[in-house]
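Q: From just these sequences and the hints, can you work out the full model?
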Amino acid sequence: MLNIKVKNRLSIFIALSVISILIIIFIFKALEDNVLYFYSPSEINNQNDVIFKKDIRIGGMVKNGSIQSNENEIKFIVTDFKNEIIVSYKGTVPALFAEGKGAVVEGKLRDKKYFVAKRILAKHDENYMPPEIKETLEKNAR
Amino acid sequence: MLGELGIIFVSIALLISLALIYFSFNEVKNSSNLIPKKIYKFSLLQLIFSLLSFVALLAGYVFSDFSIINVYENSHTTKPLFYKISGTWGNHEGSLLLWINILVLFSSLFLFINKNKNKNFKIFTLLFQNLLIVIFFIFLLTNSNPFSTIYPIPNEGMGLNPILQDPALAIHPPLLYIGFVGSSIYFSAALSALVSKIDAKSLATSIKPWILVSWFFQTVGILVGSIWAYYELGWGGYWFWDPVENSSLMPWFVMTALLHSVLVLERKIGLYSWVIVLSILTFTMSVAGTFLVRSGILNSVHTFANDPSRGLFILTFLILMVFSSIFIFFKHAPTENKNYRILSKEFFILINNWFMIFFLAVVLIGTLYPIFLDTLTGTKISVGPPYYNFILAPFLIPLLFLMTSGPKHKWISSEIKKFINIVLFLSIFLFLITFFIVKENSLLLNLILFFSIYLIIQTLFDLYDGLKSRSINLSRIISHLGFGLLIFFIFINHIFSQESNFNLRVGETKETDNYVIKFENLEKFSDSNYKSIIGHFKISNKKKLFKENLKPEIRIYNKPMTVTYEASINSGFFSDTYLTMSNISDSDIFNIKFQKKPFMNFIWLSVLLVSLGGLINFFNRKNSI
Amino acid sequence: MKKIHLLLICIFFSFIFIVLYLSLQNSKIYDTENLVGKKITESELNLFGKDGTFNTKEISNYQFTLLNFWASWCGPCRKEHKNLLRLSKNENLKIIGVNFKDNEYNARQFLQEMGNPFYILTEDSKGKKSVNFGVYGIPETILVNSELIILKKYIGPLSSKDVNEISKLIKK
Numbered sequence: 012m013l014n015i016k017v018k019n020r021l022s023i024f025i026a027l028s029v030i031s032i033l034i035i036i037f038i039f040k041a042l043e044d045n046v047l048y049f050y051s052p053s054e055i056n057n058q059n060d061v062i063f064k065k066d067i068r069i070g071g072m073v074k075n076g077s078i079q080s081n082e083n084e085i086k087f088i089v090t091d092f093k094n095e096i097i098v099s100y101k102g103t104v105p106a107l108f109a110e111g112k113g114a115v116v117e118g119k120l121r122d123k124k125y126f127v128a129k130r131i132l133a134k135h136d137e138n139y140m141p142p143e144i145k146e147t148l149e150k151n152a153r
Numbered sequence: 010m011l012g013e014l015g016i017i018f019v020s021i022a023l024l025i026s027l028a029l030i031y032f033s034f035n036e037v038k039n040s041s042n043l044i045p046k047k048i049y050k051f052s053l054l055q056l057i058f059s060l061l062s063f064v065a066l067l068a069g070y071v072f073s074d075f076s077i078i079n080v081y082e083n084s085h086t087t088k089p090l091f092y093k094i095s096g097t098w099g100n101h102e103g104s105l106l107l108w109i110n111i112l113v114l115f116s117s118l119f120l121f122i123n124k125n126k127n128k129n130f131k132i133f134t135l136l137f138q139n140l141l142i143v144i145f146f147i148f149l150l151t152n153s154n155p156f157s158t159i160y161p162i163p164n165e166g167m168g169l170n171p172i173l174q175d176p177a178l179a180i181h182p183p184l185l186y187i188g189f190v191g192s193s194i195y196f197s198a199a200l201s202a203l204v205s206k207i208d209a210k211s212l213a214t215s216i217k218p219w220i221l222v223s224w225f226f227q228t229v230g231i232l233v234g235s236i237w238a239y240y241e242l243g244w245g246g247y248w249f250w251d252p253v254e255n256s257s258l259m260p261w262f263v264m265t266a267l268l269h270s271v272l273v274l275e276r277k278i279g280l281y282s283w284v285i286v287l288s289i290l291t292f293t294m295s296v297a298g299t300f301l302v303r304s305g306i307l308n309s310v311h312t313f314a315n316d317p318s319r320g321l322f323i324l325t326f327l328i329l330m331v332f333s334s335i336f337i338f339f340k341h342a343p344t345e346n347k348n349y350r351i352l353s354k355e356f357f358i359l360i361n362n363w364f365m366i367f368f369l370a371v372v373l374i375g376t377l378y379p380i381f382l383d384t385l386t387g388t389k390i391s392v393g394p395p396y397y398n399f400i401l402a403p404f405l406i407p408l409l410f411l412m413t414s415g416p417k418h419k420w421i422s423s424e425i426k427k428f429i430n431i432v433l434f435l436s437i438f439l440f441l442i443t444f445f446i447v448k449e450n451s452l453l454l455n456l457i458l459f460f461s462i463y464l465i466i467q468t469l470f471d472l473y474d475g476l477k478s479r480s481i482n483l484s485r486i487i488s489h490l491g492f493g494l495l496i497f498f499i500f501i502n503h504i505f506s507q508e509s510n511f512n513l514r515v516g517e518t519k520e521t522d523n524y525v526i527k528f529e530n531l532e533k534f535s536d537s538n539y540k541s542i543i544g545h546f547k548i549s550n551k552k553k554l555f556k557e558n559l560k561p562e563i564r565i566y567n568k569p570m571t572v573t574y575e576a577s578i579n580s581g582f583f584s585d586t587y588l589t590m591s592n593i594s595d596s597d598i599f600n601i602k603f604q605k606k607p608f609m610n611f612i613w614l615s616v617l618l619v620s621l622g623g624l625i626n627f628f629n630r631k632n633s634i
Numbered sequence: 044m045k046k047i048h049l050l051l052i053c054i055f056f057s058f059i060f061i062v063l064y065l066s067l068q069n070s071k072i073y074d075t076e077n078l079v080g081k082k083i084t085e086s087e088l089n090l091f092g093k094d095g096t097f098n099t100k101e102i103s104n105y106q107f108t109l110l111n112f113w114a115s116w117c118g119p120c121r122k123e124h125k126n127l128l129r130l131s132k133n134e135n136l137k138i139i140g141v142n143f144k145d146n147e148y149n150a151r152q153f154l155q156e157m158g159n160p161f162y163i164l165t166e167d168s169k170g171k172k173s174v175n176f177g178v179y180g181i182p183e184t185i186l187v188n189s190e191l192i193i194l195k196k197y198i199g200p201l202s203s204k205d206v207n208e209i210s211k212l213i214k215k
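Residue numbers (this note's numbering), protein chains in the order written: chain A, 12 to 153; chain B, 10 to 634; chain C, 44 to 215.
Simulated from the structure, these hints should not be mistaken for lab results.
Here a beta-carbon is modelled for each residue, glycine too, at the ideal position from N, C-alpha and C.
Mixed in with the good hints, there may be bad ones.
[To be verified] The calculated lysine-lysine pairs, modelled on DSS-like cross-linking and capped at a C-alpha distance of 30 Å, are: (1) Lys123(A) x Lys169(C); (2) Lys101(A) x Lys519(B); (3) Lys50(B) x Lys86(A); (4) Lys556(B) x Lys101(A); (5) Lys46(B) x Lys206(B); (6) Lys46(C) x Lys340(B); (7) Lys112(A) x Lys169(C); (8) Lys132(C) x Lys93(A); (9) Lys132(C) x Lys82(C); (10) Lys547(B) x Lys129(A); (11) Lys144(C) x Lys81(C); (12) Lys144(C) x Lys172(C); (13) Lys172(C) x Lys112(A); (14) Lys214(C) x Lys82(C); (15) Lys196(C) x Lys211(C); (16) Lys547(B) x Lys101(A); (17) Lys119(A) x Lys74(A); (18) Lys340(B) x Lys45(C); (19) Lys137(C) x Lys171(C); (20) Lys551(B) x Lys448(B); (21) Lys169(C) x Lys100(C); (22) Lys551(B) x Lys101(A); (23) Lys144(C) x Lys123(A); (24) Lys169(C) x Lys81(C); (25) Lys47(B) x Lys124(B).
[To be verified] Distance windows between CB atoms, simulated: (26) Glu43(A) x Ser210(C): 51 to 57 Å; (27) Leu90(B) x Glu190(C): 48 to 54 Å; (28) Asn579(B) x Ile54(C): 52 to 58 Å; (29) Lys93(A) x Phe505(B): 44 to 50 Å; (30) Phe58(C) x Ser20(B): 35 to 41 Å; (31) Thr388(B) x Leu21(A): 38 to 44 Å; (32) Lys206(B) x Ile25(A): 32 to 38 Å.
A: What follows is the structure, given as structure tokens:
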């Protein structure tokens with residue numbers, strides 16, 4: 012026999028559970044749609060279904076001698092010593108951005124070899140290489 | 010000498026803390042209702058020696074005593090005095106010593122100032138607080154000792170990083186520590202309340218001032234951090250949802266919920282369990298944040314250097330803290346009757362709590378998700394502003410509405426008030442004006458603008474009514490007004506911010522839709538520890554014939570060799586003009602980023618207004634809602 | 044009801060803490076400390092700026108050796124250079140430098156400006172030899188004894204704590 016009080020409690024409990032589940036689904040969907048995946052040039056090269064629509068991040072070393080500036084943009088090559096990607100970027104560069112150093116770029120792929128970057132990331136402390144890049148180089152060194 | 014003194018002071022303070030734990034424990038069984046003088050004296054001694062140890066480290070920095078490794082690594086004889094002093098807490102070990110000092114300070118202050126009649130409540134609070142203090146002292150001595158020495162003594166230090174020499178960055182940590190480290194005292198008080206079974210109202214009266222103080226400093230601390238990021242990072246942004254920023258925001262959500270809840274508890278109406286849980290949760294989030302920032306598992310723009318052993322210690326401590334609290338809570342669970350009804354003021358504060366918990370969960374999930382995903386599957390991702398903006402923005406609408414209508418309801422129960430009134434009409438009218446100026450298409454943004462205007466107008470009317478009738482809850486009105494303004498200006502700034510990126514050579518000009526930017530010339534400048542290249546730019550507004558000069562710099566410091574970019578910012582009344590310049594490989598082409606950021610000063614002032622409300626409540630003896 | 048709540052909450056937190064603990068372990072993987080106690084790989088490195096090679100077997104001729112991987116373009120290498128110079132004053136310690144993926148001219152400029160702590164200087168301009176020592180990024184320093192056993196590996200710039208540690212280790 013369910014009296015009013017228990018019924019009320021039950022309905023409140025069910026309502027709250029449904030709301031909570033909906034909210035959790037909402038949060039994780041938002042995460043899925045908005046996370047930025049990180050790739051190395053080799054991973055881009057080896058992928059068959061390349062992501063063109065979403066923003067992604069690519070990391071590696073800036074190839075020595077590859078930085079070029081002209082009126083419109085800066086171009087440089089990001090390499091993980093097995094594969095390369097040409098990056099085009101408009102805007103100011105971080106102080107730690109230089110040839111022969113690690114860089115992470117964020118933006119969209121035009122094709123497997125060409126990337127249009129919105130941001131170039133560099134750290135403010137003196138760590139020499141983001142762990143993602145180090146792991147990639149470790150994989151490639153074998 | 011200073012190094013040895015420092016260690017001695019720390020060790021003595023640790024021993025005194027242990028003694029305090031022992032005395033407190035014994036005192037619980039004692040039926041007397043007075044706390045023995047012994048405990049007061051030891052607490053004072055503890056404070057003195059703890060402060061002395063901090064002063065020892067400070068002296069090491071001020072007098073450049075490089076026999077202390079911490080000073081050697083983080084300071085330099087040519088550093089200006091102000092930055093020598095702030096260098097004390099600008100590193101892991103020094104900041105940990107500051108943590109401990111604040112724990113001790115709050116412990117002693119609580120003992121001396123708090124007037125609660127329940128002896129056991131005060132004793133247990135002291136006990137729990139000192140358990141925290143002892144653990145942190147042990148952490149300091151075994152893993153992160155700021156006083157280790159080096160021989161032979163180097164004659165110059167290594168720490169002259171120019172990026173760290175900034176006034177905002179210097180005061181930012183102490184402000185935040187008074188905030189989230191200060192929350193330790195009501196963490197201890199909450200556990201104590203459970204064990205000593207003190208009544209709700211007296212708990213509320215005891216912890217409210219501490220909550221207000223820590224919330225105020227946390228708010229201001231976050232503000233200062235944002236201002237620093239805006240002026241120094243050169244991106245024109247002031248909040249990046251960076252894990253380190255999130256670590257300061259998460260305790261703030263809990264503090265805000267707690268602040269509102271303790272106002273309810275003060276009237277002995279309810280939310281006792283909430284107050285206990287939120288008090289425990291605030292400090293837990295603080296420690297969790299510290300763990301994320303110092304353990305090295307996060308990859309962020311401004312983490313301290315990597316050291317997994319620190320991380321392990323903090324994680325162990327966090328686990329102990331959480332499980333002990335859960336255990337104590339379930340063992341001594343408070344009973345309360347929930348006799349509030351729908352649409353009472355207490356009900357609205359309860360809803361607010363759920364909003365804050367939701368925001369906390371969203372930010373926590375966003376911050377932890379990359380770590381979890383990487384550990385469990387090896388996939389590397391980053392979670393940035395798109396996620397946070399997408400989730401949080403829509404929930405601002407109901408929050409703003411509830412902030413507007415909630416306070417109008419009476420305690421315990423109320424009828425639905427008439428919403429159709431002059432406030433609503435005025436808000437609609439002002440919103441329509443805004444809409445025609447802004448011309449924004451997004452329904453979401455328009456709703457947010459409307460409801461923030463509604464909140465602003467309502468609070469202004471409340472202010473007028475309150476002053477007229479001489480019965481006013483000034484603190485709530487000021488803080489909510491500040492919040493309404495903050496949301497309004499954040500979104501106007503978001504809608505109207507402009508950015509242009511282009512490359513220029515000296516002498517060239519770039520034309521955008523509204524502006525003409527001329528790269529007039531380049532100036533070379535030398536100072537004692539850096540050389541800089543200053544770009545002189547003339548910006549003209551095409552429509553208003555208004556001209557301004559901006560001078561972004563590229564600085565090359567020599568010790569250590571660092572390059573920094575100094576943004577040139579003209580903070581106008583209505584908007585800021587923001588210019589940064591960079592250069593690669595000494596080419597003659599300079600990369601320019603030109604931004605217009607409207608109402609930045611209003612954003613800062615709004616946050617100050619929000620925090621001001623808390624300050625007013627602190628000084629208000631009457632406390633009416 | 045209460046006990047179930049308690050159990051659920053404990054399980055929830057335990058899960059979170061386990062993952063956080065695992066992620067701490069993960070971040071340690073980059074500290075290839077499992078090489079400590081093993082013998083250093085035998086490798087032949089080209090001498091810097093002159094003909095000839097240096098074979099790691101020759102380390103057995105010295106009481107203690109510090110193998111330091113560095114480059115002129117590396118910021119943290121500048122930071123630790125003072126510490127290397129201090130260490131080089133120890134009689135029973137020889138510092139062997141490996142100039143990593145660098146340009147000879149820049150490397151020379153660097154040493155001229157900052158001082159040369161290296162007893163022998165070798166180069167690894169492609170970075171391929173350094174990988175054999177477990178080195179992928181710099182600065183990195185390996186302390187080896189005369190039996191060619193790795194005593195300690197330091198990833199990142201040498202701190203004064205590290206200098207103290209090395210000084211104590213080489214007194215034996």
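Q: Give a verdict on every hint.
A: Going through the hints against the structure:
1. Proximity of Lys123(A) to Lys169(C) is assessed by CA-CA distance (about 26 Å); at most 30 Å being required, the pair is judged to hold.
2. At most 30 Å may separate the alpha-carbon atoms for a hinted pair to count; Lys101(A) and Lys519(B) meet this at roughly 14 Å.
3. With a C-alpha separation of about 68 Å, the suggested pair Lys50(B) and Lys86(A) falls outside the 30 Å cut-off, and the hint is violated.
4. Our distance criterion of 30 Å between C-alpha atoms is met by Lys556(B) and Lys101(A), whose separation comes to about 25 Å.
5. Between Lys46(B) and Lys206(B) the alpha-carbon distance is near 24 Å, which keeps this suggested pair within the 30 Å criterion.
6. For a cut-off of 30 Å, the pair hint linking Lys46(C) to Lys340(B) stands: about 11 Å separates their Cα positions.
7. Simply put, Lys112(A) and Lys169(C) have alpha-carbon atoms about 14 Å apart, close enough for the 30 Å limit, and the pair holds.
8. A threshold of 30 Å between alpha carbons decides the hint, and for Lys132(C) with Lys93(A) the separation of about 41 Å lies outside it, so the pair is violated.
9. Between the alpha carbons of Lys132(C) and Lys82(C) the distance comes to roughly 26 Å, so the proposed pair stays at or under 30 Å and holds.
10. Restraint check for Lys547(B) and Lys129(A): the C-alpha separation of about 26 Å stays at or below 30 Å, so the hint holds.
11. Simply put, Lys144(C) and Lys81(C) have alpha-carbon atoms about 26 Å apart, close enough for the 30 Å limit, and the pair holds.
12. Taking the CA atoms of Lys144(C) and Lys172(C), the gap is about 10 Å. The hint holds against a cut of 30 Å.
13. Between Lys172(C) and Lys112(A), the direct Cα distance comes to roughly 19 Å. Compliance with the 30 Å bound is thereby established for this hinted pair.
14. Of the supplied pair hints, the one linking Lys214(C) and Lys82(C) holds, its CA atoms being roughly 21 Å apart against a limit of 30 Å.
15. Restraint check for Lys196(C) and Lys211(C): satisfied, since their Cα atoms lie roughly 15 Å apart, inside the 30 Å limit.
16. Of the supplied pair hints, the one linking Lys547(B) and Lys101(A) holds, its CA atoms being roughly 21 Å apart against a limit of 30 Å.
17. As the CA atoms of Lys119(A) and Lys74(A) are separated by approximately 20 Å, the hinted pair is consistent with the 30 Å bound.
18. In summary, the hint linking Lys340(B) to Lys45(C) is supported, as the alpha carbons are separated by about 10 Å, within the 30 Å threshold.
19. Distance restraint check for Lys137(C) and Lys171(C): the Cα-Cα separation of roughly 23 Å lies within the 30 Å cut-off, and the hinted pair is therefore satisfied.
20. Taken as a hint, the Lys551(B) and Lys448(B) pair is honoured in the structure, with Cα atoms around 21 Å apart against an allowance of 30 Å.
21. Under the criterion of a C-alpha separation no larger than 30 Å, the hint pairing Lys169(C) with Lys100(C) is consistent with the structure, at around 22 Å.
22. A hinted pair counts as satisfied when its Cα atoms are at most 30 Å apart, and Lys551(B) with Lys101(A) qualifies at roughly 24 Å.
23. For the hint pairing Lys144(C) with Lys123(A), the CA-to-CA distance comes to about 27 Å; that is within 30 Å, so the pair holds.
24. Under the criterion of a C-alpha separation no larger than 30 Å, the hint pairing Lys169(C) with Lys81(C) is consistent with the structure, at around 25 Å.
25. Straight-line distance between C-alpha atoms of Lys47(B) and Lys124(B) comes to about 18 Å, which keeps the hinted pair within the 30 Å bound.
26. For Glu43(A) and Ser210(C), the Cβ-Cβ distance of about 53 Å falls inside the hinted range of 51 to 57 Å, so the restraint holds.
27. Range check, Leu90(B) to Glu190(C): about 51 Å between beta-carbon atoms, so the 48 to 54 Å window is met.
28. For the pair Asn579(B) and Ile54(C), the supplied restraint of 52 to 58 Å holds, since their beta-carbon distance comes to about 56 Å.
29. A hinted range of 44 to 50 Å for the beta carbons of Lys93(A) and Phe505(B) is consistent with their spacing of about 45 Å.
30. The hint said 35 to 41 Å for the Cβ distance between Phe58(C) and Ser20(B), and at roughly 39 Å that hint holds.
31. For Thr388(B) paired with Leu21(A), a C-beta distance near 41 Å keeps the hint of 38 to 44 Å intact.
32. Between Lys206(B) and Ile25(A) the beta carbons are some 34 Å apart, a value that agrees with the proposed interval 32 to 38 Å.
In this structure, the hints that do not hold are numbers 3, 8, in rising order.
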